[in-house]
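If you're matching them up, the sequences are chains A and B in order. One rule links them: number in the working numbering = place in the first sequence (from 1) + 123. One rule links them: number in the working numbering = place in the second sequence (from 1) + 1.
It is worth saying that the hints were derived from the structure and are not from the lab. The structure displayed is predicted, hence computed values, not measured ones. Misleading hints may appear alongside valid ones.
[What the hints assert, rightly or not] Stretch by stretch, here's where chain B covers chain A in the computed footprint (C-beta under 8 angstroms, at least three residues): (1) 148-162; (2) 184-196; (3) 219-232.
[Said to hold, decoys possible] Taking lysine to aspartate or glutamate pairs in the EDC-like style, the calculated list, with each CA pair at most 16 angstroms apart, reads: (4) B:K41 to A:D169; (5) B:K293 to B:E254; (6) B:K41 to A:D255; (7) B:K193 to A:E163; (8) A:K126 to B:E6; (9) B:K268 to A:E163; (10) B:K41 to B:D25.
All C-beta atoms in this analysis are idealised placements derived from N, C-alpha and C, irrespective of residue type, glycine included.
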Amino acid sequence: MSKQIITLNVNGERQEIAVEPRWTLLYTVREALRLTGSKEGCGTGDCGACSMIVDGRLVTSCLMLAAQADGTEVTTIEGLAPSPVAGADGRLHPVQQAFIDTGAVQCGFCIPGMIMAAKTLLDANPNPTLDDVRLGLAGNLCRCTGYTKIYEAVLSAADRMR
Amino acid sequence: MRPFEYFAPTSLQEAIDVLRQRGDGGRPLAGGTDLVVQMKEGVLRFPYPEYVVSLRRLPELKGMDFSEATGLRLGAGATFAEVAESPVVRERYPIIAEGASIVGSVQTMNMATVGGNLCNAAPSADIAPPLLACEATARIAGPSGQRTVPLDEFFVGPGETVLRPGELLVEVLVPPPPPRTGGAYRRHTPRKQMDIAVVGVAALVTLGPSTSSGQADGGAFQRVRLALGAVAPTPVRARNAEARLEGRPASDEAIAGAAAIAHDEAKPISDVRGSAAFRRHLVGVMTERLLKEAVARARR
Ligand SMILES: Cc1cc2nc3c(=O)[nH]c(=O)nc-3n(C[C@H](O)[C@H](O)[C@H](O)COP(=O)(O)OP(=O)(O)OC[C@H]3O[C@@H](n4cnc5c(N)ncnc54)[C@H](O)[C@@H]3O)c2cc1C
Ligand code: FES
Ligand code: FES
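Model the full structure from these sequences, guided by the hints.
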């Protein structure tokens with residue numbers, strides 16, 4: 124199948140990419156751009172591991188065709204802190220740091236999506252209740268933690284960001 | 002996913018032209034939260050698309066607007082997040098805001114559109130009962146021009162609508178709510194978010210002036226619209242229950258009587274989400290609750 128060129132602004136960098144129509148945004152970001160922080164859990168919109176922010180909106184990138192994202196601004200987990208270890212100023216995003224400090228991470232597979240969802244929630248609502256956090260993260264599944272520490276981490280991140 | 006071709010027209014006319022010129026085998030693509038899942042899983046009610054036509058760039062399908070004279074226009078491409086966040090929808094059509102605000106997760110609501118929900122035509126589609134209760138009409142455009150269909154006649158069966166090949170749903174028009182109108186939508190699901198309705202019930206009532214009937218409880222039912230999700234091959238109105246209430250005082254007894262009728266007129270099936278008997282029971286219980294809620298809102 125012939126490819127077409129799309130333009131994405133990914134984490135502040137303009138990218139021109141040749142994509143097949145059937146490539147999802149998730150596949151394109153992982154395979155063409157080699158940004159492998161975002162994960163594919165289900166591929167059907169149910170688990171949230173592939174969550175990215177597209178033009179300011181949290182989406183499941185496994186259900187968005189790359190071609191549909193043509194011309195958009197995309198933020199992935201890599202965009203929160205430029206290196207996997209720490210940002211340019213040597214610091215992680217407060218949500219990332221809160222997840223570490225709280226011990227909210229076990230296998231880690233769901234965490235990039237959790238953090239993108241948590242950041243989206245806190246940007247819109249800096250003072251969330253526990254129920255707000257549950258609602259904001261309802262589209263993100265974790266098979267390890269039982270969620271308690273994840274919710275704690277998000278509430279702790281809210282404190283840090285105020 | 003197997004290969005397919007992709008088109009991204011920038012106007013409604015261009016989209017219709019693509020669908021006409023390329024002919025059978027094409028499929029419109031909105032948020033993709035139904036279509037992309039179905040294409041990935043290979044579970045489709047139509048042949049695997051040879052090409053998809055993205056609707057994202059069609060200005061005619063975007064957004065929503067409201068005027069007191071003509072009511073609400075919901076673009077087919079409006080996302081559920083946009084609908085649920087809209088101050089005018091929340092204020093004037095809480096019944097629609099309630100349908101929109103429970104579709105999947107934050108992520109789903111940011112992608113899923115009103116048009117996709119209606120055109121996918123699941124019996125459980127959450128925006129259908131509220132819009133049926135509001136007596137919305139669907140504006141459709143296609144190769145032979147435009148037409149308008151009452152939403153009540155839009156659904157044909159599971160996954161099937163009156164849309165002919167090459168036609169697109171452009172927008173949904175909702176009349177302005179008369180004074181002393183109240184409405185509400187709820188669904189029953191084991192999980193609050195990220196679940197599909199076992200039963201959905203929408204109730205919209207308009208009450209007469211409270212003085213004329215001399216009723217202590219304030220007025221009679223002038224107009225009642227009840228719509229049910231996931232209890233028939235399509236979302237449906239519960240017309241017998243509606244008829245039972247119109248003209249009667251807005252009392253708890255009248256409401257209980259109508260709920261019993263709705264219980265009897267629902268035609269649910271048994272599946273993984275619930276047995277027919279359980280669904281029928283839920284229709285009775287929920288219709289009673291939703292009517293009371295709608296009446297309370299109409300009196301506010
Ligand atoms: C995780 C998850 C949770 C979900 N939760 C819910 C829920 O709680 N309640 C619920 O009701 N649904 C739910 N859904 C189903 C789905 O999100 C909705 O039905 C949604 O509204 C579909 O809209 P879309 O824009 O994504 O449609 P698409 O998938 O793009 O399209 C759906 C169908 O409609 C056709 N179509 C779309 N727009 C038009 C148009 N303007 N004219 C003609 N044809 C058109 C397409 O060809 C396709 O056949 C969920 C889905 C997922 C993945
Ligand atoms: S991989 Fe996208 S939601 Fe699970
Ligand atoms: S930490 Fe393993 S899935 Fe969440």
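Tested hints:
Three residues within the 8 angstroms Cβ limit are the bar, and the region 148-162 of chain A against chain B gives 0, so the coverage statement is violated. For the region 184-196 of chain A, the assignment as covered by chain B holds, since 6 residues bring a beta-carbon within under 8 angstroms of that chain's beta-carbons and 3 suffice. With 0 residues bearing a CB less than 8 angstroms from a CB of chain B, the region 219-232 of chain A misses the requirement of three and the coverage assertion fails. A threshold of 16 angstroms between alpha carbons decides the hint, and for K41 of chain B with D169 of chain A the separation of about 13 angstroms falls inside it, so the pair holds.
Of the supplied pair hints, the one linking K293 of chain B and E254 of chain B holds, its CA atoms being roughly 11 angstroms apart against a limit of 16 angstroms. Simply put, K41 of chain B and D255 of chain A have alpha-carbon atoms about 32 angstroms apart, too far for the 16 angstroms limit, and the pair is violated. Between the alpha carbons of K193 of chain B and E163 of chain A the distance comes to roughly 24 angstroms, so the proposed pair goes past 16 angstroms and is violated. Restraint check for K126 of chain A and E6 of chain B: satisfied, since their Cα atoms lie roughly 10 angstroms apart, inside the 16 angstroms limit.
Proposed proximity of K268 of chain B and E163 of chain A is contradicted: the alpha carbons are some 39 angstroms apart, above 16 angstroms. Between K41 of chain B and D25 of chain B the CA atoms are separated by roughly 20 angstroms; this puts the pair beyond 16 angstroms, and the hint is violated.
The structure is inconsistent with the numbered hints 1, 3, 6, 7, 9, 10, although it conforms to all the rest.
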